Amino acid sequence: MRDGFKDGFPIIMGFIPIAMAFGILCKTAEISLLESLGFSMIVFAGASQFIAVNLLIAGAGIGEIIFTTLLVNFRHFLFAASLSPKMTKDMKNTVPLIAFGLTDEIFSVASLKTKDLSKEYMITLESCAYFALAIGTAMGFILGGILPASVQLSMGIALYALFVAILVPEMKKSVKVVVLLVLSGMTNTICLYLFNIPQGWSIIIAIILVSVLGLFIKIDERELCNE
Amino acid sequence: MNRIYVLILGMMLVTYLPRLIPLVIMGNKSIPVKVEEFLSYIPYAALGALIVPGFLSAIPEHLMSSLLGILVALILGYYKGGVVFPVVGAVVASMLVINIGL
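Residue numbers (my numbering), protein chains in the order written: chain A, 28 to 254; chain B, 59 to 160.
Don't read these hints as lab results, they were simulated from the structure. Owing to the predicted nature of the structure, the values given are computational and were not obtained by experimental measurement. Some hints could be false.
Footprint (simulated), chain A over chain B, 3 or more residues, beta carbon under 8 Å [as the list claims (entries may be wrong)]:
no., stretch
1, 73 to 85
2, 95 to 101
3, 106 to 119
Cut-off 16 Å, straight-line C-alpha distance, at most; resulting in silico cross-link-like pairs (EDC-like, lysine to aspartate or glutamate) [as the list claims (entries may be wrong)]:
no., chain 1, residue 1, chain 2, residue 2
4, B, Lys87, A, Glu62
5, A, Lys200, A, Asp247
6, A, Lys140, A, Asp247
7, A, Lys245, B, Glu95
8, A, Lys119, A, Glu147
9, A, Lys140, A, Glu197
10, A, Lys203, B, Glu95
11, A, Lys113, B, Glu95
12, A, Lys119, A, Asp143
13, A, Lys33, A, Glu147
14, A, Lys146, A, Asp30
15, A, Lys113, B, Glu94
16, A, Lys142, A, Asp34
17, A, Lys142, A, Glu57
18, A, Lys146, A, Asp34
19, B, Lys138, A, Glu197
20, A, Lys113, A, Glu147
21, A, Lys113, A, Asp143
For glycine and all other residues, C-beta sits at the position ideal for the given N, C-alpha and C.
Chain B on its own, in the form it takes in the complex (with noise of 0.2 Å):
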């Protein structure tokens, strides 16, 4: 078999396992409050490890087109809500940026 599907099926498992596992253990269990407490301030704690500082490279070598991007998203986020403008937004101005040659 070709190499690279047997990366894909390793990089299945590695992927599906740990999202499947707590899910079937721990079911409808109930969970002590403060557990409950902990786990709902991790969505926060993922996301602003995922942004920062991942975003600063997400645009390879043009370190002001990412920031800019993430700039229109925030503004845009902010002012219209929703993803549709954030995300076409911040592609643009990435774009933008890029071409501008900064």
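Only chain A is shown next, with the shape it has when bound in the complex (with noise of 0.2 Å):
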């Protein structure tokens, strides 16, 4: 539970922003703040929300957002089956609770944790990321007009800040990760704008391929522990 703390307080300084991004572009959509909230504590979803309310306003259905949102939310299979064997056995009951709370953040701060994953630490992580995108979310919403465009529209990188911030200490230990983040980067890309992909599925397909590729690439990591 301690752990969870340790590693949910970041996390809600990084998800305060996002929200607060979230609540503007709510307000700019807008949609009631009530509505917003909705978005931030029934879905709970972080980077589709955003894809959702500009979906919206570029007037877009209701069924075509939601199969949009299932498309870039696909990925969740494959992180939530990714990190099923570092549970514990005492989940179990706790595990339609566990599983709400899995945005991608939360995915990759605890799917990079060398311990075994226990249902305190992760329900303590969870809290931490869900109260921090409601109450950003309301923040940004009443805040929102107040604020300078610049910076309103900088709280868009957040998101992004937020994932690097999380991956450096892995590339700092291992080649191999920084490799297989450019791959990924790369084929996304690629599939994005040569193929033209749909963004759910260049990233399923990155993601996959890339997770292959990692089985074949042999780096000698000992030559960088030396430095």
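Make the complex out of the two chains shown on their own, each in a separate frame, by following the hints.
In structure tokens form, the structure reads like this:
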């Protein structure tokens, strides 16, 4: 549990600006405060909330947005599968709760943890993210209008900065991690722009292809440790 | 019911089920070593694809601001570690770049 708070605090700090960016976006889309909170507290999806509201602004239909969300969230099948070997046996009853909170960010932190995951750890970590997203959404919605435009815009970078910050320690440890990251970023970009594959699918293709490649890429990490 | 709430409920389902089903099916069953190795690469492959190329349009129509923001996140992540400095630093850097008008 203490571990959960230790890892949860940075998530809160990362989530508040992201959530504020979402609140601001909702206000721009003329969605009510209660509805904005609905996205953050009932869906609790992170990245795909942004995609959904942007589609709403663009005039997309409800069915279309739900289908896009499904596509974008398909990767969570892989995330949950990849996390399940690390989960401890006592989790059975809490799995429905833990599954609800498995956003990209929670998955990243939890999956890169070297220890087995306890239910207390997972629930603490997820609660931090959950309340940070809810409170941040409300803050963004209410305060958004007061903040200068440049501040509102710059919050868009927070989501990506959070991913980068989670990754850097792993990149320091292993060259293979860097290779895998570069490969999957390239694969995703090529799928998106060269083959015009929709985003949800291109991410899934990149994840599967690069994870398979990972089985065949052999890199001697000892050199790195000697530095 | 308001159509936004229909959207929220629909999105909840398609967000929750992909997270839940594998955990329920796989449980604590043991899986082959190769499969486990494959699953262990998924976080990196996923993060790579989540960041690139999406970060380039993190701040719409401000490419330089997005680029510099990520660069600051990388540098602060490398030298300072943690999540707070990189995230706050990236937001501040992006904001400065927008204000300068690059």
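Against the structure, the hints:
1. 73 to 85: Since 11 is at least three, the answer is holds.
2. 95 to 101: Coverage by chain A holds here, the residue count being 7 at a Cβ distance below 8 Å.
3. 106 to 119: holds (count 11)
4. B:Lys87 x A:Glu62: At roughly 40 Å apart (the allowed maximum being 16 Å), A:Glu62 and B:Lys87 break the hint.
5. A:Lys200 x A:Asp247: 12 Å, holds
6. A:Lys140 x A:Asp247: 22 Å, violated
7. A:Lys245 x B:Glu95: OK: A:Lys245 and B:Glu95 at ~13 Å, within 16 Å.
8. A:Lys119 x A:Glu147: The hint holds at about 13 Å.
9. A:Lys140 x A:Glu197: 10 Å, holds
10. A:Lys203 x B:Glu95: 13 Å, holds
11. A:Lys113 x B:Glu95: Given pair A:Lys113, B:Glu95 holds - Cα atoms ~12 Å apart, limit 16 Å.
12. A:Lys119 x A:Asp143: Holds. A:Lys119 to A:Asp143 sits at ~15 Å (cutoff 16 Å).
13. A:Lys33 x A:Glu147: Holds. A:Lys33 to A:Glu147 sits at ~13 Å (cutoff 16 Å).
14. A:Lys146 x A:Asp30: 12 Å, holds
15. A:Lys113 x B:Glu94: Holds, at roughly 10 Å.
16. A:Lys142 x A:Asp34: 13 Å, holds
17. A:Lys142 x A:Glu57: Judged against 16 Å, a Cα distance of about 44 Å means the pair is violated.
18. A:Lys146 x A:Asp34: 14 Å, holds
19. B:Lys138 x A:Glu197: Holds, because 14 Å separates the two Cα atoms, which is no more than 16 Å.
20. A:Lys113 x A:Glu147: Given pair A:Lys113, A:Glu147 holds - Cα atoms ~14 Å apart, limit 16 Å.
21. A:Lys113 x A:Asp143: At roughly 5 Å apart (the allowed maximum being 16 Å), A:Asp143 and A:Lys113 satisfy the hint.
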